[in-house]
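Take these sequences, add in the hints, and give me the full structure.
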Amino acid sequence: MILDSKIPEGPLAEKWEKHKFDMKLVNPANKRKYDIIVVGTGLAGASAAATFGELGYNVKAFCFQDSPRRAHSIAAQGGINAAKNYQNDGDSVFRLFYDTIKGGDYRAREANVYRLAQVSVNIIDQCVAQGVPFAREYGGLLANRSFGGAQVSRTFYARGQTGQQLLLGAYSAMNRQIAYGKVKMYPRTEMLDLVTIDGQARGIVVRNLITGQIESHSAHAVVLATGGYGNVFFLSTNAMGSNATAAWRAHKKGALFANPCFTQIHPTCIPVSGEYQSKLTLMSESLRNDGRVWVPKTVETAERLRKGEISVNDIAEADRDYYLERKYPAFGNLVPRDVASRNAKLVCDEGRGVGSTGLAVYLDFADAIKRDGQPAIAAKYGNLFEMYAKITDENPYERPMRIYPAVHYTMGGLWVDYNLMTNIPGLYAAGEANFSDHGANRLGASALMQGLADGYFVLPYTIGDYLARLPYDKVSVDHPAFKEAEQAVIAKNNQLLAINGTRTVDDFHKALGQIMWDYCGMARNAEGLTFAKQEIRKLRDEFWRDVKVTGVNEELNQTLEKANRVADFLELGELMVDDALNRSESCGGHFREESQTPENEALRDDENYTYVAAWEFTGVGNEPVLHKEELKFENVKLTQRSYK
Amino acid sequence: MAGSNPNAKPMDLTLKVWRQKDRNSPGQMVTYPLKGISPDMSFLEMLDVLNEDLLRKGEEPIAFDHDCREGICGMCSLFINGRAHGPERGTTTCQLHMRHFSHGETITIEPWRAAAFPVHKDLIVDRSAFDRIQQAGGYVSVNTGGVPDANEIPIPKSIADKAFDAATCIGCGACVAACKNASAMLFVSAKVSQLAMLPQGKTERKTRAENMVAQMDIEGFGACTNTGACAAECPVGISLENIAMLNREYMGAKLTSENVAS
Numbered sequence: 000m001i002l003d004s005k006i007p008e009g010p011l012a013e014k015w016e017k018h019k020f021d022m023k024l025v026n027p028a029n030k031r032k033y034d035i036i037v038v039g040t041g042l043a044g045a046s047a048a049a050t051f052g053e054l055g056y057n058v059k060a061f062c063f064q065d066s067p068r069r070a071h072s073i074a075a076q077g078g079i080n081a082a083k084n085y086q087n088d089g090d091s092v093f094r095l096f097y098d099t100i101k102g103g104d105y106r107a108r109e110a111n112v113y114r115l116a117q118v119s120v121n122i123i124d125q126c127v128a129q130g131v132p133f134a135r136e137y138g139g140l141l142a143n144r145s146f147g148g149a150q151v152s153r154t155f156y157a158r159g160q161t162g163q164q165l166l167l168g169a170y171s172a173m174n175r176q177i178a179y180g181k182v183k184m185y186p187r188t189e190m191l192d193l194v195t196i197d198g199q200a201r202g203i204v205v206r207n208l209i210t211g212q213i214e215s216h217s218a219h220a221v222v223l224a225t226g227g228y229g230n231v232f233f234l235s236t237n238a239m240g241s242n243a244t245a246a247w248r249a250h251k252k253g254a255l256f257a258n259p260c261f262t263q264i265h266p267t268c269i270p271v272s273g274e275y276q277s278k279l280t281l282m283s284e285s286l287r288n289d290g291r292v293w294v295p296k297t298v299e300t301a302e303r304l305r306k307g308e309i310s311v312n313d314i315a316e317a318d319r320d321y322y323l324e325r326k327y328p329a330f331g332n333l334v335p336r337d338v339a340s341r342n343a344k345l346v347c348d349e350g351r352g353v354g355s356t357g358l359a360v361y362l363d364f365a366d367a368i369k370r371d372g373q374p375a376i377a378a379k380y381g382n383l384f385e386m387y388a389k390i391t392d393e394n395p396y397e398r399p400m401r402i403y404p405a406v407h408y409t410m411g412g413l414w415v416d417y418n419l420m421t422n423i424p425g426l427y428a429a430g431e432a433n434f435s436d437h438g439a440n441r442l443g444a445s446a447l448m449q450g451l452a453d454g455y456f457v458l459p460y461t462i463g464d465y466l467a468r469l470p471y472d473k474v475s476v477d478h479p480a481f482k483e484a485e486q487a488v489i490a491k492n493n494q495l496l497a498i499n500g501t502r503t504v505d506d507f508h509k510a511l512g513q514i515m516w517d518y519c520g521m522a523r524n525a526e527g528l529t530f531a532k533q534e535i536r537k538l539r540d541e542f543w544r545d546v547k548v549t550g551v552n553e554e555l556n557q558t559l560e561k562a563n564r565v566a567d568f569l570e571l572g573e574l575m576v577d578d579a580l581n582r583s584e585s586c587g588g589h590f591r592e593e594s595q596t597p598e599n600e601a602l603r604d605d606e607n608y609t610y611v612a613a614w615e616f617t618g619v620g621n622e623p624v625l626h627k628e629e630l631k632f633e634n635v636k637l638t639q640r641s642y643k
Numbered sequence: 000m001a002g003s004n005p006n007a008k009p010m011d012l013t014l015k016v017w018r019q020k021d022r023n024s025p026g027q028m029v030t031y032p033l034k035g036i037s038p039d040m041s042f043l044e045m046l047d048v049l050n051e052d053l054l055r056k057g058e059e060p061i062a063f064d065h066d067c068r069e070g071i072c073g074m075c076s077l078f079i080n081g082r083a084h085g086p087e088r089g090t091t092t093c094q095l096h097m098r099h100f101s102h103g104e105t106i107t108i109e110p111w112r113a114a115a116f117p118v119h120k121d122l123i124v125d126r127s128a129f130d131r132i133q134q135a136g137g138y139v140s141v142n143t144g145g146v147p148d149a150n151e152i153p154i155p156k157s158i159a160d161k162a163f164d165a166a167t168c169i170g171c172g173a174c175v176a177a178c179k180n181a182s183a184m185l186f187v188s189a190k191v192s193q194l195a196m197l198p199q200g201k202t203e204r205k206t207r208a209e210n211m212v213a214q215m216d217i218e219g220f221g222a223c224t225n226t227g228a229c230a231a232e233c234p235v236g237i238s239l240e241n242i243a244m245l246n247r248e249y250m251g252a253k254l255t256s257e258n259v260a261s
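Chains X and B, in that order, are what the protein sequence lines are. The numbering of the first sequence is numbering that gives the first Met the number 0, which starts it at 0 and goes up by one. The numbering of the second sequence is numbering that gives the first Met the number 0, which starts it at 0 and goes up by one.
Hint data in this document are derived by calculation from the structure and do not stem from the laboratory. Every value quoted in this text rests on a predicted model; they were computed, and no experiment measured them. Take these hints with a grain of salt, some might be off.
Here are the simulated lysine-lysine pairs, DSS-like style, with alpha carbons at most 25 Å apart [stated by the list, open to error]:
hint: 1; chain 1: B; residue 1: K20; chain 2: X; residue 2: K561
hint: 2; chain 1: B; residue 1: K56; chain 2: X; residue 2: K509
hint: 3; chain 1: X; residue 1: K547; chain 2: B; residue 2: K253
hint: 4; chain 1: B; residue 1: K56; chain 2: X; residue 2: K491
hint: 5; chain 1: B; residue 1: K161; chain 2: X; residue 2: K561
hint: 6; chain 1: X; residue 1: K561; chain 2: X; residue 2: K252
hint: 7; chain 1: X; residue 1: K389; chain 2: B; residue 2: K8
hint: 8; chain 1: X; residue 1: K379; chain 2: B; residue 2: K156
hint: 9; chain 1: B; residue 1: K156; chain 2: X; residue 2: K547
hint: 10; chain 1: B; residue 1: K161; chain 2: X; residue 2: K379
hint: 11; chain 1: X; residue 1: K5; chain 2: X; residue 2: K482
hint: 12; chain 1: B; residue 1: K8; chain 2: X; residue 2: K306
hint: 13; chain 1: X; residue 1: K547; chain 2: B; residue 2: K34
hint: 14; chain 1: X; residue 1: K389; chain 2: B; residue 2: K34
hint: 15; chain 1: X; residue 1: K509; chain 2: B; residue 2: K34
From the derived model, a few chain X residues whose C-beta atoms are all more than 12 Å from chain B [to be verified]:
hint: 16; residue: S4
hint: 17; residue: P67
hint: 18; residue: S91
hint: 19; residue: S241
hint: 20; residue: V298
hint: 21; residue: D472
hint: 22; residue: K473
hint: 23; residue: E485
hint: 24; residue: S583
hint: 25; residue: S594
hint: 26; residue: V624
Note that beta-carbon positions come from the ideal geometry of N, C-alpha and C, so glycine has one too.
Here is the structure:
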């Protein structure tokens, strides 16, 4: 299989413009003859569905939540980047492009990232026109902040709820199309298979989560905007329902899965408090602008602290190790996410972690409060401090926060070309579900940008180019390919319900998460990964022998929903390990212990690994086939990231 | 493993939970004793623990809606001890922690009760009426592309901040559950005020107010009698002022209606 990224010829800055002209158009009167399925209604899915509807296509949109407004994009806190240069501080499309490529540790496509930076400015215009209430200055113009260590202020935000406001904007645009009858919305409906006919994506099989009914829907093209797979780890900042099932089942139908090992582990989350923990809560990384990260200097002090013999405020200044400031004097507490996370793990592994579990470090605001006064700190971070207090019952104004890294975002996803089409004609992937724009590490405030770029400004053009070449003929859901897929879905559900074993779905999910976190988490090595692969296989076998799923298919059955998702995580987890094992370099969120500098920093291997690893499914338990897409850098020079 | 407070003692509780097979079956309260609950658990984690126990015994777990567990998606929806989202003000059920209950306590858990929110199963209700109200006019009619530069629409900061406050509604339905008439006025008013305050929303403000209120009535929500229970129980603090604004918008729209089609 040859992976053709379909990157247009020509200078970087002209590729998208030229491509837009070269693409075929569908006559306005003919658009109504084409049907498009959109799965997932987060930023990418809702913006795509709304825009397709506006253009005149017939859209069917699906989400598993009870309303499209609840997709997990809603929880994004920080902001959205755009190269508006409203602050006159030196930003430009090229600088946003450059920062994103570099931040991704040179494992993303230049052409895709450049286009992302180009359309970023249109996104802000669009959202403002919809009535999204971004933060403003007293003069009435839009406010910006610097985010995630960026040297320019290009982040637009709506207090700590930017994702919510952007999603409600896209949701409102989609609602308008629902009212016009151009978009038909199917909430509480989960995609369980992709249907291909003659090699083309022609529809999906879904389960109605209220009645359990298995139904088919056909279309001329299918867009998966189903988010990331961070919940492989069980504990993550994802929503409880976030899952990989749609993407994974498409993968099993032939879509390649790219860079699955690229996981972003966010440094500032509230630590695990007990076995019952169901999810982890992110504290916006803006906190690192004023908080100082530290642990006790010695293991002895840390031990006494953990036993409750001393309190954090008893520890003298001289006995504290502000390790980020010590090791990275230039960037200090503002080092990128991957560096901050890895160092937190390092000090905890040394036995210097705090909290009763020893898996936490301090984020201390005492100096900032002394410097700026409590009201100033409260004005900046009040809602975050409140959230922290609510969860931990501790007052962060009086004692430092305890934080620990948690899985937050997955850069890997379905392989797509420049048009966001997977290797299956007619199947597209957008937003976090695809792999395309963040390389090995995503910068803060870039996920929202990518989701909306894909949905508002990329797919509406590229999907037309595909549809214009298709006949109008619709495929009936009575076609044998649909019937076969339905039967397979029903058989799988029946199998899950029939096992009637002894262990719960959550039990298996937690066990998988522990394996992934221990061996495919913040630091990986060949030995651990090889071990993890065997463990996952054993666990998967046991799942299919001993899982307990109560109830029947023909009802609202949350246990069955979870069982389907965890069954897929048990397969995807193994592929993540395979990918991590193959990539014996350190880059971005993927730190291979075998590949580090004498100072224990990540060491990239550009000679051998400047490629996208796209994996082909060959059957459960069989070794997947690796396809490489070489990455060419013609506009930026590859450098080792250094934050010393 | 203890949490932030190593001295927190585990609690024993009695739960009385609404169980209902489906929309068409009658429901009933069922009692479950529960032991060893950590005060650091969230309310939903407490229900997870109970559900894991039920599953191991081969019993049907309790169905409840939840997703982000960060208080922003609006999916969780429990009526706890007679209060929407439980005893803490300004808190969704997922952000409520067990430290607010005491050892030996009996906790009743019910679904939202409203004719417009029929029960799907156990504690899960159908809130699609909210989506249909939004579809009736909760938007600015602009297509993708062809819009002015973002800074060509200056908006005074005070107005932008007020619009933001209204826009933070998470659509959970606590306002309806808290209201003796099951009125959806607070929910509708949040969107109507947000868009009425902003220049982008002004063009359609009359038709929007009329159409959203009309849809609210079609869905079978009750009338508003200004008791303020909705705002008191709203987990994100949507203000009662929005209802006043909706009333103004609606009256104004009715007097000079632009709904020429109807």
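Practice prompt. Compare the structure with the hints numbered earlier in the document and write down the numbers of the violated ones, lowest to highest.
Written response: 3, 5, 9, 11, 17, 19
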